[in-house]
Amino acid sequence: MKYIFKRIFIFAIIVLLLVAFSGSYKSLSIDKLAYVVAIGIDKSPSQGYNFSFQFTNVTSSSESGTAEKSPSIVNNVEANSIGSAINLMNTYIGKRINLSHCKVIVFSEEVAIEGISKHVYTLMNDTQIRPSANIVVSKCNAKYYIQNSKPILENLITKYYDIFDYSSNFTGYSADATIGDFLNKLECDTCNPVAILGGMNTENISYPTDITENQSSSIKANESTIFGKRGSENIGLAAFRDDKLVGELNASECMAFLNMTNQAQGFFLTIPDPEVENNYLDIYMSPKKPTKISVKITNGTPFIKLNFYFSGRIYSIDANRQYLDEKKLEAISSVCDSYLESAFSDYLYKTSKELKSDINEFGKYALSLFLTTNDFNNYNWNENYKDAFFDVDVSSIVESSILLTET
Amino acid sequence: MSNSKIGTTEAVLIILTVIISHSILSLPRDMIVRTQSATILNIIYITIICTLLALLISKLFKKFGNADILDVSEYLGGNLFKQIVGIIFIFYYMVSSAILLRNFCEALGLVYFQMTPVFFLILLFVIGSCISNRLGFNVSLRVNLLILPIALVSIVVIFIANFKSFDIQKIFPILGGGFKDTFVTGLLNISAFEGLKYLYFIPPYLKEPEKYKKISVLSAILTGTYLILCVSIILFIFPSFFTTNEIMPLYSAARYISFGNFLQRLESIFMMVWILSFISYLTIALKFAISIFQKMTRIKNTKSIVNIFGILTIAISLFPKNLAVSTFLETKIYSYFSIAVIFIFGIGILILANLKKRKERI
Amino acid sequence: MNCGIPETMSTERPDKACDFLLQGRVVIIVNGSPYAIILPVTLIDYMTSPEDKNLKTNFANFLRLLRFIGAFLTLLLPGLYVAITSFHEEILPTELLFSILASRENVPFPVIFEILIMEISFELIREAGLRVPSPVGPTIGIVGALVLGQAAVSADIVSPILIIIVAITGIASFTIPDFVFGFHLRYFRFAFILLGYMAGFLGIGIGLFVYLSILCSLNSFGIPLTVPVAPKVKSKGNGYFLSPIWKREHRASYISPKRDSAQEKISMKWKNFYK
Chain E
2 MKYIFKRIFI FAIIVLLLVA FSGSYKSLSI DKLAYVVAIG IDKSPSQGYN
52 FSFQFTNVTS SSESGTAEKS PSIVNNVEAN SIGSAINLMN TYIGKRINLS
102 HCKVIVFSEE VAIEGISKHV YTLMNDTQIR PSANIVVSKC NAKYYIQNSK
152 PILENLITKY YDIFDYSSNF TGYSADATIG DFLNKLECDT CNPVAILGGM
202 NTENISYPTD ITENQSSSIK ANESTIFGKR GSENIGLAAF RDDKLVGELN
252 ASECMAFLNM TNQAQGFFLT IPDPEVENNY LDIYMSPKKP TKISVKITNG
302 TPFIKLNFYF SGRIYSIDAN RQYLDEKKLE AISSVCDSYL ESAFSDYLYK
352 TSKELKSDIN EFGKYALSLF LTTNDFNNYN WNENYKDAFF DVDVSSIVES
402 SILLTET
Chain L
13 MSNSKIGTTE AVLIILTVII SHSILSLPRD MIVRTQSATI LNIIYITIIC
63 TLLALLISKL FKKFGNADIL DVSEYLGGNL FKQIVGIIFI FYYMVSSAIL
113 LRNFCEALGL VYFQMTPVFF LILLFVIGSC ISNRLGFNVS LRVNLLILPI
163 ALVSIVVIFI ANFKSFDIQK IFPILGGGFK DTFVTGLLNI SAFEGLKYLY
213 FIPPYLKEPE KYKKISVLSA ILTGTYLILC VSIILFIFPS FFTTNEIMPL
263 YSAARYISFG NFLQRLESIF MMVWILSFIS YLTIALKFAI SIFQKMTRIK
313 NTKSIVNIFG ILTIAISLFP KNLAVSTFLE TKIYSYFSIA VIFIFGIGIL
363 ILANLKKRKE RI
Chain S
189 MNCGIPETMS TERPDKACDF LLQGRVVIIV NGSPYAIILP VTLIDYMTSP
239 EDKNLKTNFA NFLRLLRFIG AFLTLLLPGL YVAITSFHEE ILPTELLFSI
289 LASRENVPFP VIFEILIMEI SFELIREAGL RVPSPVGPTI GIVGALVLGQ
339 AAVSADIVSP ILIIIVAITG IASFTIPDFV FGFHLRYFRF AFILLGYMAG
389 FLGIGIGLFV YLSILCSLNS FGIPLTVPVA PKVKSKGNGY FLSPIWKREH
439 RASYISPKRD SAQEKISMKW KNFYK
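Residue numbers (my numbering), protein chains in the order written: chain E, 2 to 408; chain L, 13 to 374; chain S, 189 to 463.
Keep in mind that a hint or two might mislead.
Quick list of in silico lysine-lysine cross-link-like pairs, DSSO-like style, CA-CA up to 27 Å [unchecked claim]:
id	chain 1	residue 1	chain 2	residue 2
1	L	Lys-219	S	Lys-424
2	S	Lys-204	S	Lys-424
3	E	Lys-186	L	Lys-176
4	L	Lys-226	S	Lys-422
5	L	Lys-226	S	Lys-446
6	S	Lys-420	L	Lys-226
7	E	Lys-245	E	Lys-144
8	E	Lys-357	E	Lys-306
9	L	Lys-312	L	Lys-94
10	E	Lys-289	L	Lys-176
11	S	Lys-422	L	Lys-223
12	E	Lys-7	L	Lys-315
13	L	Lys-312	E	Lys-7
14	S	Lys-204	L	Lys-17
15	S	Lys-204	S	Lys-453
16	L	Lys-369	L	Lys-75
17	E	Lys-290	E	Lys-351
18	E	Lys-144	E	Lys-119
19	E	Lys-151	E	Lys-140
20	E	Lys-328	E	Lys-289
21	E	Lys-387	E	Lys-245
22	E	Lys-160	L	Lys-176
23	S	Lys-446	L	Lys-219
24	L	Lys-225	S	Lys-420
Since the hints were made in silico from the structure, they are not lab data. Keep in mind that this is a model prediction, so the values were computed, not measured.
Isolated chain E, as found in the complex (with noise of 0.2 Å):
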């Protein structure tokens, strides 16, 4: 008899633990979400913003022989906050919204100009959201930006959305912006954030006069001479004080914080041919060590020392040239020395100067010099930082060229 008891008390445990946890179950069960990939974020005119949700089509995502792209489907909704945002779409679309694989999101340049911290805070405390989501600022409409998003050498978008941050790796011309490192630089004292900058290619194909400055490498998202399939482009970085946008970053000087901060992996240069009047060399540079920096303080005024290591190969090859003369190495050395030098200074001082923002974490560096927190507080890293010196070294090795050493 008490052995029943004891099996029909075991049934009800096991049957009332099965309804309560039904809620949970239910809810998230694969078959009841619709997962968006995509989320912009732009300045409405009628009443707080406009919201843009990029889900794909899952259907024609599953052939795998098909030579057709997966399409993508962009919904918008205009809403006071992300939670109304994503309430409304709920009840359009039917399922339920899941951000577990948002790759991206996208503010306008209106909103990042008012502030985004309320949007980064809303994002982050969802379980949801990856932190290694891109942040992009799109110079237009993020809506237009995810509209005209599509895979050209992918058949998802999601798997561009994975990669495109890689190229940082090795052209330096953008860098992985994640929502998780946004939070962190916003929350921290002694650096800001920064966000990929994105736009859409146009067909201006307008090619300077002046050839002393190359185009290629002052050219932002918005204003490439890239025609390509694909609408949408991401060259550059947004530099953030706090969570206010206060600048643009081009693409060199976009290579320079790459450097600055260790993680560029590889970028290729284009110097002035010391040889040969108007002629430019492509030199794809590496950094040999990681970069040194010193901070001191003297008098108030941060004083910034920094070395930069590099080894470059010569990529781009003339005929009847010689290219393993010690002699003309060292001459190439030199010219990649003064170019990096000058750029890298121009770019320090145009954070000090014009953005007022610590954008490449110096101030870490300068933790060491106090011994307690207050002390760093009271010393206010952020509003001194503007009247910082920078004195760049880099000492740069062109080994060789790559296959052809003479033509």
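Go by the hints and put chains L and S onto chain E.
Same frame as chain E, now just chains L and S:
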């Protein structure tokens, strides 16, 4: 009961369950809020202090042979004092495990089970630990031996996987909030070593009682090492001037792990390992509370009172009204309670008993 | 609380029985029965096969690792799949998730129902295969598994990913040498499927804890089933992984054999170590 013995490794791992379960919750964050960037210095400092305290405890127990603190308190103040000490320790074991259980279930509910009342999550944990306790004395110790190394490895994996996003400069300014904050007020961080509470009750059960000193010192050092690992993960990834507080910092740190684009968001796997180690902690805390009760009341078979202790745990963990109250209890009240019971009350009884013994010899 | 976990091993092979006898165990032979019963046994013995000692040590250890993975997959893979698709989809890579979603688009049943249908069908095919007359025997495996599975996918009753999960689980269950132990793992995976469906990784974690508790509470004639891992005892060269032949000097101390050493300290006298 009489032939249930604890080996050396099992004893060390019993003491480590506590720190692993507490570090998943708010312990590292509380330590960093108290001592800011000097937390690692502070942990080294309190590890040395706690190792000396653990040595002291083992030395004070030496004169009493295989007695635990209940026997010592009976020697000191008679049967009444023994019952009082027993009740205090039972209360401490039950309340500490119930508060942590409530916080952990609230956190789980927020992350995965928003539609489920927290009562059912607590019920699941308590059912699991009651089943394990009913099966026998040694069972939970053996399961702990299987589970805990995996939990330790999980923290090392989070450390290594997040290494590339570490900012070692966050260890500066070296003195954090100042000398007083780091070494005087920071002494409150000693509550992290609450695992030493088991040192008071394991002497009768040890297979090799002569290794008691080794167990106490080793567990203190391992706890300190583990704490340094946990705190480094959080200090080096997140900004140390904390204005944002999270419910489970290690969980947030685990969300940053990514290997390429195909292995991301692995925090659920770590969560499963931590759930296993947490229920192991709960089982052992319940087991020791039951064995104290058995010793006080001289009951022969404890199988039937396991259920009662389980129901008591559920009742205590449902006591706080909401997450705000239970977080307040965990961050503020819990540490003072631990220090008072383990380091002041426990060591006080041992010192007084040793003094009495010395007087009797004279 | 036994829950179907065996405490003795039965075998028809004389070499296996002799091997255990030489290790110091007891073998019971009954007149008229082809089976010999070996006791006491530990969990390690269920996962070892007599052929291991005849292979090179590295290969034998590789096979033991495979069997351990097989046991893990048999018990937990369907439960983990249900838990991940119900609660933890963020673990899956995005492309895999979309592939699962696309394959599940026309399937009318929820994941739990699908997986129970397929698991029960697989067990039916297995049981039916035992009683089919021998000319037709091998065919039933092919007909049942391939055609039925393929037809179920084409008819949109189940999704293709599920067929893969069930197939891997089935194949993994065949890697376990002891029939009774493998059976009990197949039996318990249904409990884990239910727990995974109910509460995701929390349910599986609690279920795993209770399962491990039951395992650790069992004794085989006085010897704990999970020795030498829990409780930790020093058993030189008698752990889960085989040591080389020249290192198998001692018998397992946890079964208290009459003679502790199986070989002399330096058994390969012809090697002249001390010259």
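How the hints compare with the structure:
1. Using a Cα cut-off of 27 Å, the hinted pair Lys-219(L) and Lys-424(S) holds, with the two alpha carbons roughly 20 Å apart.
2. Taking the CA atoms of Lys-204(S) and Lys-424(S), the gap is about 21 Å. The hint holds against a cut of 27 Å.
3. Taking the CA atoms of Lys-186(E) and Lys-176(L), the gap is near 16 Å; set against the 27 Å cutoff, the hint holds.
4. At roughly 18 Å between alpha-carbon atoms, Lys-226(L) and Lys-422(S) fall within 27 Å of each other, so this suggested pair holds.
5. Proposed proximity of Lys-226(L) and Lys-446(S) is contradicted: the alpha carbons are some 33 Å apart, above 27 Å.
6. Straight-line distance between C-alpha atoms of Lys-420(S) and Lys-226(L) comes to about 17 Å, which keeps the hinted pair within the 27 Å bound.
7. Between Lys-245(E) and Lys-144(E) the alpha-carbon distance is near 20 Å, which keeps this suggested pair within the 27 Å criterion.
8. Between Lys-357(E) and Lys-306(E) the CA atoms are separated by roughly 18 Å; this keeps the pair inside 27 Å, and the hint holds.
9. Under the criterion of a C-alpha separation no larger than 27 Å, the hint pairing Lys-312(L) with Lys-94(L) is consistent with the structure, at around 19 Å.
10. Simply put, Lys-289(E) and Lys-176(L) have alpha-carbon atoms about 18 Å apart, close enough for the 27 Å limit, and the pair holds.
11. Distance check on the hinted pair: Lys-422(S) and Lys-223(L) sit about 16 Å apart at the alpha-carbon level, within 27 Å; holds.
12. Proximity of Lys-7(E) to Lys-315(L) is assessed by CA-CA distance (about 15 Å); at most 27 Å being required, the pair is judged to hold.
13. Proximity of Lys-312(L) to Lys-7(E) is assessed by CA-CA distance (about 23 Å); at most 27 Å being required, the pair is judged to hold.
14. Pair hint Lys-204(S) plus Lys-17(L) does not hold up; C-alpha atoms about 34 Å apart against a cutoff of 27 Å.
15. Between the alpha carbons of Lys-204(S) and Lys-453(S) the distance comes to roughly 25 Å, so the proposed pair stays at or under 27 Å and holds.
16. At most 27 Å may separate the alpha-carbon atoms for a hinted pair to count; Lys-369(L) and Lys-75(L) meet this at roughly 9 Å.
17. Simply put, Lys-290(E) and Lys-351(E) have alpha-carbon atoms about 25 Å apart, close enough for the 27 Å limit, and the pair holds.
18. Pair hint Lys-144(E) plus Lys-119(E) holds up; C-alpha atoms about 20 Å apart against a cutoff of 27 Å.
19. With a C-alpha separation of about 18 Å, the suggested pair Lys-151(E) and Lys-140(E) falls inside the 27 Å cut-off, and the hint holds.
20. Under the criterion of a C-alpha separation no larger than 27 Å, the hint pairing Lys-328(E) with Lys-289(E) is consistent with the structure, at around 21 Å.
21. Proximity of Lys-387(E) to Lys-245(E) is assessed by CA-CA distance (about 17 Å); at most 27 Å being required, the pair is judged to hold.
22. A hinted pair counts as satisfied when its Cα atoms are at most 27 Å apart, and Lys-160(E) with Lys-176(L) qualifies at roughly 24 Å.
23. At roughly 23 Å between alpha-carbon atoms, Lys-446(S) and Lys-219(L) fall within 27 Å of each other, so this suggested pair holds.
24. For the hint pairing Lys-225(L) with Lys-420(S), the CA-to-CA distance comes to about 19 Å; that is within 27 Å, so the pair holds.
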